[in-house]
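Each chain is listed here by its residues.
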Amino acid sequence: MSDHDYRPKSKVGQWFNDRLPLLTLANHLTDYPTPKNLNYWWTFGGILTFCLITQIITGLTLAMHYIAHADMAFESVEHIMRDVNYGWLIRYIHANGASMFFLAVYIHIFRSLFYGSYKAPREIIWIIGIIIYLLMMAAAFMGYVLPWGQMSFWGATVITNLFSAIPLVGEGIVTWLWGGYSVDNPTLTRFFTLHYLIPFLILGLVVLHIWALHVPGNNNPVGIDIKKPSKDTVPFHPYIVIKDGFALLMFMIVFAFFVFYAPNILGHADNYIEANPMVTPAHIVPEWYLLPFYAILRSVPDKLLGVVAMLSAILILAVLPWLDTSKIRSAVFRPLYRQFYWILVADVLILGYVGAMPAEGLYLLIARVATAYYFLHFLVILPVLGFKEKTLPMPLSITEPVLGGSPNLAAARNKESKIE
Amino acid sequence: MKNLFKLFSIIIIITSSNSYTFAAEKVEYLKTDWSFKGVFGKFDRASLQRGYQVYTEVCASCHSMKYLSYRNLAEQGGPEFSEAQAKAIAASFEVTDGPNSDGEMFTRPGKLSDKFVMPYDNVKAAQAANGGAYPPDMSVLVKARGGGVDYIYSLLQGYEEAPSGISLDDGVYYNKYMYGNKIRMAAPLSEGLVEYGDGTNATVEQMSKDVTTFLMWSAEPHLEARHQMGFKAIVYLIILTILVYFSMKKIWSRIESEV
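From first to last, the protein sequence lines are chains D and G.
Take the first sequence: its position 395, counted from the start at 1, is 395 in my numbering, and no numbers get skipped.
One gets my numbering by counting positions in the second sequence from 1 and adding 420 to each.
Take the hints with a grain of salt, since some may be wrong.
[To be verified] Straight-line distance between alpha carbons at most 25 Å, and here's what the computed DMTMM-like set of lysine to aspartate or glutamate pairs gives: (1) 228/D / 644/G; (2) 602/G / 625/G; (3) 462/G / 78/D; (4) 457/G / 184/D; (5) 531/G / 78/D; (6) 670/G / 31/D; (7) 457/G / 514/G; (8) 486/G / 78/D; (9) 486/G / 644/G; (10) 544/G / 75/D; (11) 596/G / 611/G; (12) 652/G / 75/D; (13) 535/G / 71/D; (14) 535/G / 31/D; (15) 228/D / 678/G; (16) 231/D / 678/G; (17) 544/G / 78/D; (18) 227/D / 123/D; (19) 457/G / 589/G; (20) 486/G / 500/G; (21) 507/G / 618/G; (22) 507/G / 557/G; (23) 535/G / 75/D; (24) 227/D / 678/G; (25) 652/G / 464/G; (26) 486/G / 184/D; (27) 486/G / 83/D; (28) 507/G / 78/D; (29) 507/G / 644/G; (30) 231/D / 676/G; (31) 457/G / 83/D.
What the hints contain is simulated information worked out from the structure, not anything from laboratory work.
It should be emphasised that the depicted structure is a prediction, and the values quoted were computed from it without experimental measurement.
Turn these sequences into a full structure, and let the hints guide you.
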């Protein structure tokens with residue numbers, strides 16, 4: 001890589017850089033050659049970084065006022081909402097920030113699925129991403145427990161109880177997790193500790209995620225390997241910086257709408273009732289971003305197998321680079337995969353919908369079919385498709401489709417023919 | 421840009437489908453014009469003051485409001501009683517304080533810094549006095565119910581004779597907006613139950629609206645500040661977005677590519 005030859009202009013800069021090459025790093029990040037045809041789906045990496053930083057800053061501020069005690073947590077949240085200066089703002093940013101974070105991460109993941117960004121040589125980026133996603137779910141779940149409302153308490157009870165499905169040692173593990181014989185103060189304090197820790201683990205993994213990205217460079221909508229730097233690339237600064245900034249601002253408008261005008265719409269009303277171990281809510285539902293997996297969990301009649309199915313649904317993503325046998329990355333040149341991709345999107349949305357509904361009757365049936373299809377997509381359709389599908393001819397460089405209109409059009413104009 | 425529109429339409433679809441609404445629970449709530457809804461929504465000051473009167477004369481005999489302090493009554497964005505009025509309100513309550521230097525608890529008139537005095541010492545006492553049912557704390561009540569203000573407003577006016585075929589136990593009442601239609605609270609409001617100082621006619625509908633407005637404020641005391649700041653923040657973001665958009669166009673015009 002050429003940026004390793006970088007030498008700072010000033011003497012002081014050279015002196016410092018010889019000892020700790022931070023300026024080389026800064027230069028690399030500035031000049032980093034980025035495909036010039038990235039569309040707006042590629043701006044969510046930057047948006048996610050913003051989400052993480054926002055959650056950490058607001059979270060630190062909340063932690064200064066929050067009291068992790070079963071008898072005081074709910075009251076301390078009300079204290080934040082009423083008496084802390086702009087406490088309501090900080091809490092609503094943090095609470096809605098979690099939803100925004102997941103909204104962005106789902107778009108980010110599905111972008112990767114569409115354009116085949118998980119394929120060689122980017123498998124490690126993808127796997128780190130899946131670990132980040134798992135940690136996000138853990139952090140979000142534990143964060144939802146902290147206000148100690150009814151949904152906090154009963155959500156914690158339901159989710160921790162899943163571990164009791166483990167044969168022989170399950171019950172023991174649950175008691176160990178709780179720090180007692182039910183969800184109570186010890187559970188709350190350890191959840192708070194972990195909720196505080198996990199974002200920093202995520203931050204570390206994000207650094208690795210970006211580092212791993214900067215080795216092969218970005219994938220792009222055409223999905224072909226490009227020479228870097230070349231006329232197919234632009235330096236990260238100012239081109240991508242300003243574009244990411246523009247997309248981030250659009251995202252922030254949506255974010256601000258929720259914070260200021262609908263701060264509780266994504267939460268559950270029951271969480272404004274203080275936790276009461278004697279009263280079970282009519283319906284225990286997790287936050288919206290966990291609903292698809294909740295639906296998978298409930299669609300299996302056996303508890304242990306349900307937990308296994310739920311975990312597999314996430315972990316199957318980690319081996320996706322090897323399940324997808326197609327050599328072509330971008331769905332733009334894969335007419336069949338493109339259709340199955342949208343069916344998968346619909347399938348996950350359906351799972352999310354039935355996850356919010358009572359697990360009975362028609363809802364349960366739909367959940368089962370959708371769960372079966374989810375696994376079918378990854379375990380059967382993707383591996384087979386790589387061998388059977390007739391892909392469209394690919395351009396040799398991205399300059400060609402960029403100059404000749406959008407890659408979609410360019411691809412469509414050509415007749416279908418098998419590549420290679 | 422086309423992709424952005426796609427993206428935003430997806431966001432709108434996701435957020436507009438309230439996944440927590442269960443078909444079985446859908447009831448048409450009574451509607452009224454809430455002054456605090458909308459981008460510039462503010463509380464109706466007079467309604468808040470009347471609502472406080474309804475709360476304190478009717479609800480407060482059973483329902484606590486433990487997260488509010490008397491000082492809140494004089495704060496900006498609330499009922500905005502004058503400080504003297506709020507002090508007088510606080511002083512009209514007996515507050516248990518102590519222990520004093522003799523180790524004794526004592527009572528004194530309330531101060532602005534005191535929390536609202538609770539009708540019962542604890543949950544058990546409240547249940548014992550109400551046939552086993554606990555009258556919920558009202559501080560965040562409208563946020564703790566699915567239908568929010570519309571639900572509370574409707575519930576207060578939803579008392580009816582039980583339809584034939586539904587038998588009610590002693591101390592249980594029929595309410596068409598209550599989940600399961602059975603409620604342990606007797607109809608709390610009746611025509612002319614309170615006498616409004618400003619001469620407003622105290623109909624059940626009027627009292628329901630006033631006290632629900634008051635409950636909305638108690639659950640969201642900074643609602644007005646939130647709406648005002650939200651408007652400024654979003655206008656600022658939109659202007660900045662437009663400026664950045666044109667900067668981006670300018671910068672990208674240096675190369676042969678679209679953005």
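Results of checking the hints against the structure:
With a C-alpha separation of about 53 Å, the suggested pairing of residue 228/D with residue 644/G is violated against the 25 Å cut-off. Proposed proximity of residue 602/G and residue 625/G is supported: the alpha carbons are some 21 Å apart, at most 25 Å. Restraint check for residue 462/G and residue 78/D: satisfied, since their Cα atoms lie roughly 21 Å apart, inside the 25 Å limit. At roughly 38 Å between alpha-carbon atoms, residue 457/G and residue 184/D are farther apart than 25 Å, so this suggested pair is violated.
With a CA separation close to 21 Å, the supplied pair residue 531/G and residue 78/D stays within the 25 Å bound. Annotation: proposed proximity of residue 670/G to residue 31/D holds, straight-line Cα distance about 19 Å (limit 25 Å). For a cut-off of 25 Å, the pair hint linking residue 457/G to residue 514/G is broken: about 36 Å separates their Cα positions. Using a Cα cut-off of 25 Å, the hinted pair residue 486/G and residue 78/D holds, with the two alpha carbons roughly 10 Å apart.
With a CA separation close to 22 Å, the supplied pair residue 486/G and residue 644/G stays within the 25 Å bound. Distance restraint check for residue 544/G and residue 75/D: the Cα-Cα separation of roughly 19 Å lies within the 25 Å cut-off, and the hinted pair is therefore satisfied. The straight-line distance between the Cα atoms of residue 596/G and residue 611/G is roughly 19 Å, inside the 25 Å bound, and the hint therefore holds. With a C-alpha separation of about 30 Å, the suggested pair residue 652/G and residue 75/D falls outside the 25 Å cut-off, and the hint is violated.
A threshold of 25 Å between alpha carbons decides the hint, and for residue 535/G with residue 71/D the separation of about 18 Å falls inside it, so the pair holds. Annotation: proposed proximity of residue 535/G to residue 31/D is violated, straight-line Cα distance about 59 Å (limit 25 Å). Our distance criterion of 25 Å between C-alpha atoms is met by residue 228/D and residue 678/G, whose separation comes to about 19 Å. With a C-alpha separation of about 14 Å, the suggested pair residue 231/D and residue 678/G falls inside the 25 Å cut-off, and the hint holds.
Distance restraint check for residue 544/G and residue 78/D: the Cα-Cα separation of roughly 23 Å lies within the 25 Å cut-off, and the hinted pair is therefore satisfied. For the suggested pair residue 227/D and residue 123/D, the alpha carbons sit about 20 Å apart, so the restraint of at most 25 Å is met. Between the alpha carbons of residue 457/G and residue 589/G the distance comes to roughly 39 Å, so the proposed pair goes past 25 Å and is violated. With a CA separation close to 19 Å, the supplied pair residue 486/G and residue 500/G stays within the 25 Å bound.
With a CA separation close to 20 Å, the supplied pair residue 507/G and residue 618/G stays within the 25 Å bound. The suggested pairing of residue 507/G with residue 557/G holds, with an alpha-carbon distance near 23 Å, which does not exceed 25 Å. At roughly 13 Å between alpha-carbon atoms, residue 535/G and residue 75/D fall within 25 Å of each other, so this suggested pair holds. Straight-line distance between C-alpha atoms of residue 227/D and residue 678/G comes to about 20 Å, which keeps the hinted pair within the 25 Å bound.
The hinted pair formed by residue 652/G and residue 464/G meets the criterion: a straight-line CA distance of about 22 Å does not exceed 25 Å. Note on residue 486/G and residue 184/D: the hinted pairing holds, with a Cα-Cα distance of about 23 Å set against a maximum of 25 Å. About 14 Å separates the Cα atoms of residue 486/G and residue 83/D, which keeps this hinted pair within 25 Å; it holds. With a C-alpha separation of about 23 Å, the suggested pairing of residue 507/G with residue 78/D holds against the 25 Å cut-off.
Among the hinted pairs, residue 507/G with residue 644/G is consistent with the structure: their alpha-carbon atoms are about 24 Å apart, no more than 25 Å. Distance hint between residue 231/D and residue 676/G is fulfilled; the C-alpha atoms sit about 9 Å from each other, no more than 25 Å. Note on residue 457/G and residue 83/D: the hinted pairing holds, with a Cα-Cα distance of about 23 Å set against a maximum of 25 Å.
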